[in-house]
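Trainee: Take these sequences, add in the hints, and give me the full structure.
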Amino acid sequence: MMLLLALLVPLAGAIACWALGPWLRNLAGWLATAAVGISFVATLLLWGAATQPGGVHLALFSWMSGFDFGLTLDPLSLLWALIITGVGFLIHLYSIGYMHGDRAFARFFAYMNFFIFAMMLLVLSDNWVGLLVGWGLVGLASYFLIGFWFERRSAVAAARKAFILNVIGDVGIMFAIFLIVANVHSIRFADTFAASATFGAPLLYAICAGLFIGAAAKSAQVPLHTWLPDAMEGPTPVSALIHAATMVTAGVYLVARCAPLWSHSPRAQMLVGTIGALTAIVGAILGTAQWDIKRILAYSTMSQIGYMIMGVGVGAYAGGVAHFFTHAFFKAQLFLASGLIIHALHNEQDVRKMGGLRARTPLAFWAILVGVLAICGIPGFSGFFSKDQIIQGVLENGHPWMYGVGLLTAGITAYYMFRLFFITFLGEYRGNVDPAQLGMAPEAVGAEVAHEPASTGSGEAHAPAWVMNLPVALLIVPSVLAGWLLFSTDGASSPWSRFFAAQFPTAAQASAAAVPEWATALIALGVVLAGIGVAVARYATRSAQANAVARLRDESLRMPKLLVNAFYVDTLIDGVFVRGARLLGSLFGRILDPHVIDGAVRGVAASAVGFGVLVRALQSGLVRAYALVIVLGVGCFLAYYVFGIPR
Amino acid sequence: MTPGLLPMPLVDYLALSAVMFFIGVTGVIVRRNPLVMLMSIELMFNAANLLFVAYARAWLNDAGHIFAFLVITVAAAEAAIALAIVVIAFRASKNVDVDEASALRG
Amino acid sequence: MLVLVLILLPLIAGALLFLLPRDDVAMSKSVGAVAAAAVLVLAVAERGESWAWRWFSHPFIAEIHFGATYLSHWLVVLLALCTLCAVLASNVPRTRNMIAALLLLEGTMAGLFLARDLLVFALFWDAMLLPVFFVLIGWAEHPATAWRYFTYNFAGGLTLLLAVAAFGALYGSTDVIGNPAYHAIASAWAPWMLAGFAFAFLVKTPVWPFHTWMPQTYEETPAPMVAVVSAVQSKAGLYGFIAIAFALFPSYFRQEAPILIVLAVISMLYGALVALVQADAKRVVAYSSLSHLGLIVLAIASQNPLALSGALVYIVAHGLFSAALFLVLGYVEEREETRSLARLGGLGWANPRLTGVFCITALAALGLPGLAGFVGELIILIGVYQAGLVWAAILALVAVVLASAYMLRLLQGATNGAEVPDLPVRRDLTLLEGLAVAPLLAALLYFGVYPHALLVLMR
Amino acid sequence: MSANVTNADWAAVLSIAVLGATGLAVLVADLLARTFVRRYIAIAIAMIGIIAAGAIVFAQYGTHYSAFGGAFVVDYASVLFQGIVLLGALGSVILYGAIGEERRIAGALALMLWSACGAMLMSGAGNLMTIFLGLELLSLALYALCGIAERAGAHEAALKYLILSSTATGFLLYGMGLLFGATGSVALSALSNPALATNPIFWTGVGLFFVGIAFKLSLVPFHTWAPDVYEGAPLPVTAFMSVATKAGVLAVLVRVFLWSLPSQHVSDMLLPMWIVAGISMIVGNVGMLAQRDLKRMLAYSGIAQIGYILAALAGGSAEGFNAALYYFAAYSFMNLGAFAVAAMLSGDREEGSVIANYSGLGYRRPWAALAMTVFLLAMAGLPPTAGFLGKVFILRSSVETGYVWLAALLIVGTAISLYAYGRIVRAMYDRSTHPVPAAKPFVPLAALSAAICAIAVIALTFYPFSR
Amino acid sequence: MSVLFWGLAVVLVASAMWTIMASKPVYSVVALLANFFALAVLYLTLSAEFLAMIQLIVYSGAILVLFLFVIAMLSSGVASFSVGPNRLPRIAVPAVLLVLIALGLVVVGIFMPHPAPLPLAGAAVNAGAVGDANVFGSVADFGRALFTTYLLPFEVTALILMVAVIGVIVLAGEHAPYVGTPRRAEEVRKSLREAIAREGD
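Residue numbers (the working numbering), protein chains in the order written: chain P, 1 to 647; chain Z, 1001 to 1106; chain L, 2001 to 2459; chain Y, 3001 to 3467; chain B, 4001 to 4201.
Honestly, the hints are just simulated from the structure, not real lab data. We put the CB at the ideal spot given by N, CA and C, even for glycine.
Using C-beta positions, here's what the derived DEER-type ranges look like:
1) W23/P <-> L2020/L: 39 to 47 Å
2) M2001/L <-> A3059/Y: 38 to 46 Å
3) P2305/L <-> L203/P: 17 to 25 Å
4) P4089/B <-> H2142/L: 43 to 51 Å
5) A600/P <-> G2172/L: 32 to 40 Å
6) G2172/L <-> A4116/B: 47 to 55 Å
7) L4097/B <-> A3059/Y: 52 to 60 Å
8) A3408/Y <-> P202/P: 47 to 55 Å
9) A3459/Y <-> E4155/B: 35 to 43 Å
10) V609/P <-> Y2446/L: 48 to 56 Å
11) W23/P <-> P2305/L: 46 to 54 Å
12) A3408/Y <-> P4089/B: 38 to 46 Å
13) A3059/Y <-> I4169/B: 32 to 40 Å
A short list of chain Y residues far from chain L (calculated; beta carbon distances all over 10 Å):
14) L3032
15) I3048
16) Y3061
17) S3066
Mentor: What follows is the structure, given as structure tokens:
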């Protein structure tokens, strides 16, 4: 029951906010926050039961035989549920302040709560269909939230893109479900995993591939990642909630959840690991070329998720999941802190127009610093433990090139995160500098003007500052400390691995590591420091700070086109698929349908009418002509009757 | 003449009647004067009558005679009505020509 | 007797409606709503009784025989629900006539679904064209639309008639729907009869390339009528495939199924692609129907029990969401006085309730998990896959993706974007209008979560 | 040869005698009647006579005998065809009473009744003479009736009908002569002699006979007279022609061609008939598409519908005969009904026959429009009308006897016809048309007749003959 | 005998041709008269004496007189009728061709071998002296058959003749002042008075 409560309270909150929005006014925010809080508490209360073998299971209903629905809470879903509701709670709280005065305040919280519900459904379901429902609803919620400011064309387009790419993911999962149900005749995870050993390798690979299309779309893996940067069109708390803490990690959840399948299919593992690695490095590279603070964070998210996917893909489940755990905190914190900045600068998102903000937003300064340290994997901060665990796990599972990619990515990450940090907080405030001097494209300036129509112009009193500051401050704690859960002296009996002891299949090659763990940590640290060094050299030296405007202008103008256009993936997808579909549609709808198919139909009708005109013309009104026709008929008949006699 | 036997071969009568009949048909088609058309129709009827009479003789069955008699009677009645129609149809018209009567068409 | 009442009640009510004062909208609406509600109650309460009356026994036996099977029961419930909603939502010039036409349509279609005799089926098949025809005459922008709808469908009805007559000639009785004694008929004529039936069903459904009557019809029929037509009348063809073509000629059906499968897949993709570029909101939905119905035809053609179960779910789901979509588009058109996607926009601020309803409906149409359309799609595709048609299932998935593209284009085009400032006051959804759509949405949600009732069947 | 004439012989033709006498009575009563009640007396007497004749006819139902030495036959077919003839006569008499010219009412009614006598005679004709006389009685009266209105069109119609029909009668007569020659008898029963199958005279006779029959049924290519005559003739006469003539001729066709010809070659002999039936379906329906005159359109419609009926007869099965009879009865009702509605709308210039005058009728005269809709839909074969069921029966019989190509042509023709019938329906419910000046005041008899026909057209669907 | 037959045949065909080709209708009537006379003679050779008489009396005496009467009424005696434009100009050639084809077909049918007619078995007739009873084709024989075996057709001819009479009256009677209703009678009287008044002026 508690489980159901945890699931449904956010839904109830969503419905209440949506239906009663006009009457609730500002109360809606508190109501929604409370709902998520209740959900969090309920989940927390189930901790004990969930960590028992088998976890908590609740059977709900059945569509028909084989289609049994239920909820389950085991360590994996418990972890996700806690993050979703816990981080979600903080973000809700933050939103009360951030969204204050928006025209659709209540609607925003309805969407947020709905998102929490969908995410909970996703992680709590004990079956494929339930997962898929949650999966789809999460996509829907993200669509709503990204397109929250729907009068803006770009937001609408971003929302649509996110939704459609997510549907591609849904479809991949659906494909996997056909394969599973057709072979297992049950939609439950447990039945599937129990039967997975009997699957042939091609089938298993197909299932995994289908599932991974879903995971890739949701977790913004190459080449289905293009929605994620665009998704920053949504309000900042949305970015924090969806694109940092929860939604994008659903792919990680899925792969981790399906560990029994993957572990039987090395080919699938290879696929996932490769894509994950590719995403990690692509995201990182693209992160170096962004100017929008939220887009930098978005690419960093993409890159980090690539890590996780790579980890869980190749079998380093604990590491991947651990990185999800730590990433949730520091990335949420980074986003929320950047939201503070954006809020303070009245919706300015371009880092080139920031600078010297330490004094203006001290909390943001500290929060972002901690977040950057954590994401870079500075020892002691949470990211250090989890990232190293992935890199080490990849190697242990026998993929040295991924190991290399992981390390390289760590270095690039350190570079662009510190770049962000330095440009934002060091030097002079550049808010009053002419955008052209900063190398900003004129159309981009125009677009920014229409940004975030929200909080201005509201006559009501401001919400208390603490609702925004408190979550940021609170998140600093786990950002720093969460990693320690993973730490253990003997390398195997950390609280973390005890927690997941029963969850994941043990990797067969776990012991065959060529490089010891401490060595990995050191190498990684070296790479990270190198990255930081480059960033310092470019942005943090005294001379760099002095010539900031010129430097930024140069950098903006010299940015390689390849990076500005994000490797042309978007262009390619747009050109091939979107335009292709439109072209086909136009061809069918404007030419084939009205002219060929319908033309044939109309041709038949027209020929009947033409025949009618002919009949009319033959009916000349002249008796002699009629008589002639009759004689003609007589001739025909006689010809038949005279010569038709049987002989 | 023995019973059942004709003065001439049967086919001669038939051929004669066929020729008469089709002369009548031709008249109906090629003439434009309604009266001549009606006369042509009378020719057709008479050709048929010849057929009946010849066959009646051949079969020694007086049904053919009766039939011919009926045809003559009917022809008389038909002529009466036909001529009345011709009169009313062409009384107002300047020309006595069936081609004039072609208002109904299409 | 109850089944007879189900048919006669709306017919009589529809006819009587013409006796009411022409301009008293409230009165005709309430009378119509009461009648439609009564039919709905009866349809739900109906428990498979049958009623038969010997029509004639020469030259073959025909019975005026009505009775519900599992499938037809649901179709009639769907019909009754959609009609009730359409009656409530009617807000067109000459409302009385429209409501009367709706009730007449309900009666004829109930007759079609409940018919247990092929000849009665054929009778109602043609009869159900008439109310729509008259509505098109009275309300459509171009009279040619009425023609095209009527002639095209009637041509299908004629081949159906020929097939029925052939059936009567060969088997001596047409009282065969749902009669197991007549299943699995084999004869040299069977393929031809099947072709006759199939042509009618393909046109009615419609399936590519027999669909060209549909977009225009849907575009020009007023919202309440087109809601019922697209929701239920299009199901007549599917019902026919299941209850007649498949049941009576299973072996020939199996033989010819590949053709049907190919046409269904083409319909799915073709409809989706064309929907992507339509400029008229109703045409988008029309082509989306082509796509969705193609999926059901695929399910039927695959002859997999699971796919057939899914087909029923999807039949109901499609009925619900297409009815709701057309009603909502009717509301939109009434407010904006246009259906052009180029001119629509910004409803979201002025009409939040309308937008919400529109949104749910469009989401149901694109197969959002949690709503009934998704259940149908999923189960159908599992079944299709089980039947071995992997390629068809994959292409269907492509259509699913395209569905989200064109549905979002429609939804966002109408509701999102900047508010249009210079328009007169646009009132939001009224209570009655909301009530008219609410049952459809509620049912979509219910069956999306718990479609058990629709799935227990079809063994 | 010297057969005695008995009472039974007279009883067989009693109905015809009654009808003939009624015609005389109408004339006499007209002479005696006070001027202003002429119309009512004439109609009343005619209707009473027709109903009496009908009663006598149906009293014969179930009996089967031949009278006058085989010249006249009473059986199932004769009774039903005579019934339809009387129905047509009744409907037309009513229409003439409603809109006909007052000064000619007695003459016209008498001619109509006698014409019906001819058709009834044909219905039961047992030998060639009776057929010929019946046909001539029917035709002569019709020639006069066509020209009875004081319009140039009527005169032209009468002239055309006269010339063409007489020509066709010439062919028929010549064919009869050859048949007489081949068999040596005028009795239809003599035609079934199997030895005749190889006689070229016989075949030629059959061919020419068929020309005459096809002309009267207005089958393509012998149909050319029908549209012109239907358009020109007065409306009630057209109604009568479309039903009664066809009934008589169909009876002959059934009796001669289907029941009397040598059975082993009957399908060879009748093939041309089915071919022209098929062509008629198409040409008739196509011809309707561009018409502006209702009567003319119904002429083409009649051409097509006779094609349907022949499709039922093709193959000569008993079921096919029943189907044809059913469809023909339905056709009679819907045709008479359509003419009745047209009469309701007609004033002095037969406005009801101009299709343009139907636009907006659904709003001006809703009931008339409703009835017209029923008739038109019935002609198109839409449910719930007898036209629908009739087509089912026809299709069934064609399929059963193997004439599927006829069934297919029927389907094609019906699809085409829908367009033509629907055009009028659409016009009636189209509100964007100009108002038409009101026609003559309501004519109760015509309206009653239309209502009865409409009910019959629907009731026949649910109570076909063979329950 | 054959000389008579062939002579008659020549007359028949020639007069028939003349009938349809004569430029003036009166000539057609005369030609037709010749045709009927020849036919009557041919009937006599076929022992149809009563019919021969009827042919002369009814056809020549009644029908052709009727034709002459109408010709006189519609034209001024022997002048050719005025005609309008020929709207179907070159019909003659195809028409004659068609007719010839049809004729040829019938002739082919006639000349095909077929069983010769036989006297009916038990036919109580003998073809002997002309004019006696019980002789085939005699008036008495004919009359008996007409009033017994063929009574019904005979009765029907009565009806047909009545139709002809009434039909002609109805058709032709339209210009007679017909007093239908009292009001109509008043109108007629009024118009007559006016006509008389005009005459008087």
